[in-house]
Amino acid sequence: MRRSWLIYLRWMRDRCRSTIWWSIGITLVSVVTAAFYPSLTSAAGSELGSNSSSTMSSLLGLGEGIDPSTPVGFLWSFNYSNQLPWLLMALGIALGTASISGDESDGTLEYLLAKPVTRTEVAMARFGGMVTVLLVASVVNLVGVAATMPLFDLTDPVTVTALDGSTSTAAGATVGDLFVGGLSAMAVGLGSGAVAYLVGAATGRRGLAMGVSSGFAVAGYVLYTLSNVTGDFEWVTWLSPWRWFVDDAMMVNGMTVDILWPVALAAVSLGLGWALFLRRDLQS
Amino acid sequence: MTAIEARGLTKRWGSFTAVDSLDLAVAEGECYAFLGRNGAGKSTTARMLLDFIHPSAGSVQVLGGSGRDPGVRARIGYLPGDLNLPRSITASEAISYFGSIGSPPDPPELDDLIERLGMNRDRPFHNLSTGGRRKVGLVLAFMGDPDLLILDEPTSGLDPVLQDTFREILNERKERGATVWLTSHVMSDVEHVADRVGLIDRGRLAQELSMEDLRRQSTGDIQLSFGGPPDASWFDSVPGVSDVTVNGDDLSLHLDGPVTAVLARAAELGAVGIRTHQRELEDIFLETYSRGEDDR
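For the protein sequence lines, the chains are F and B, in the order given.
Letter 243 of the first sequence, counting from 1, is numbered 243 in the working numbering, and no numbers are missing.
Letter 226 of the second sequence, counting from 1, is numbered 226 in the working numbering, and no numbers are missing.
I should point out that these hints are in silico values taken from the structure, not numbers from a laboratory.
Be a bit skeptical, because a hint or two may be false.
Said to hold, decoys possible - If you want a taste of the chain B side facing chain F, the calculated C-beta under 8 Å gives, among others:
id: 1; residue: 54
id: 2; residue: 83
id: 3; residue: 86
id: 4; residue: 88
id: 5; residue: 98
id: 6; residue: 100
Unchecked claim - Here are a few chain B residues that sit away from chain F, every Cβ distance over 10 Å (derived from the structure):
id: 7; residue: 10
id: 8; residue: 187
id: 9; residue: 225
id: 10; residue: 237
id: 11; residue: 246
id: 12; residue: 272
Glycine residues also receive a C-beta, built at the ideal position from the N, C-alpha and C atoms.
Here chain F stands alone, though its shape is the one from the complex (with noise of 0.2 Å):
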């Protein structure tokens, strides 16, 4: 246990920096789309997403119900449903990847297992520190949301008038939306990162890992997105994690059980990683 934490430490450390320019460069992507919201709202009132195909609106994550107009819609539609989970899903697939198939392609996860360690105390100490990392960037993020958003009026209740006149108050964005928001982007992230963590571990090899677990996001967000506007398919897209983050709508409607899922996955990959990794030759 003490040589996992010291492990576990030391990974955090040699990625100390990389998770700090991580954060900064998510938080600024959050903030600056939610500087956007007095303008465009403005601008275009509450025909934001009225207008769109189905297409626009599965890419934009607006499901029935969702206004873009008010500030949980906009934020939603235009940064937690798309934006901020690719990029949390981008960290994950970098951190999983680099966990066990990374440091083995460098050459230093041999030299660590050369000394009196466990591939278990090895395998458990990387997953952690890759959970951390894109815990701390979600961290980050909500704190620079929730102390920029005041300024940008998305803390203010608006007036939404719907297609036939009638009106109705909707309320501003709490700090509450923006962690269920960013716990589930963050969930997708991790599930992600847990495919590529789960390849890494399983082979050694490291473009393998990038590429299946990059291809199980992209084609599931293709999958998704088209089975949305055709039809077709939609039996496969309980494949895609798309389908209960976008469907769902967490930050929008409510926690729901379904964030489960991507935790599943996590523990399923964490837990067949490992024991492959157990079993197989290191990659010289």
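Could you slot chain B onto chain F? The hints should help.
Coordinates of chain B only, in the frame set by chain F:
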């Protein structure tokens, strides 16, 4: 006691056999040089000792246990042929990190090692030269006073002074009872430190000989120069002399035995120059592998 014991050790990848039915034993406190051409199976064998890869057949025991056992690996100092550490780690950090998960070094002994090898403590590993990285690797391998040292090309990238320092340190460790598994293409290293040599060719142990055997085989060729054309019969009466040939003012002979009588006879005949060539490990290495080439 045996520090390393391989029985029928084999490693195959598909139809390619990297190590083929290797049987060998290295005694505790012995320095065993495992030599061979590139791709002969040296590194594959070392990687099986440390459980990086699993044998396809046969078995290997290290320090009475398996390389899989962290308790066994805690007693091993390892220097890979190409040492890779995290890019930004400094030597000081590496010592502290690997010391904390392995055997913590004794501070005075560590300082002594660092000073003798002239290791830079504070530069990031990726900024070090090849020799600088080798020094870090050697300090990491030697620290903690391991019972077994597995060293792959330990002097590669080191200048001659440091190569000498390395041999000195290694001999000190041997005197303290450490076992050494050494692979090197620098034959002078091997001749200075090894007790026994194993030559591996295409995954098979082609030859094993002790340095004592080698010294016994150290018969030599001698070339003498004279002021005028010598006579091939001049050395007929000298014991141990054979294969005498004359070429211009030079006379070459092969000697099995003490050189004193040849030198006395050469002085008597007014020899003006002498050159000797002893059969060294390098010759045996080349002979073994040229035989191997002929067999192919």
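To see whether the hints hold, each was checked on the structure:
no.	hint	result
1	54	holds (6 Å)
2	83	holds (7 Å)
3	86	holds (5 Å)
4	88	holds (6 Å)
5	98	holds (6 Å)
6	100	holds (6 Å)
7	10	holds (14 Å)
8	187	holds (25 Å)
9	225	holds (52 Å)
10	237	holds (60 Å)
11	246	holds (54 Å)
12	272	holds (56 Å)
Hint compliance for this structure: every hint is met.
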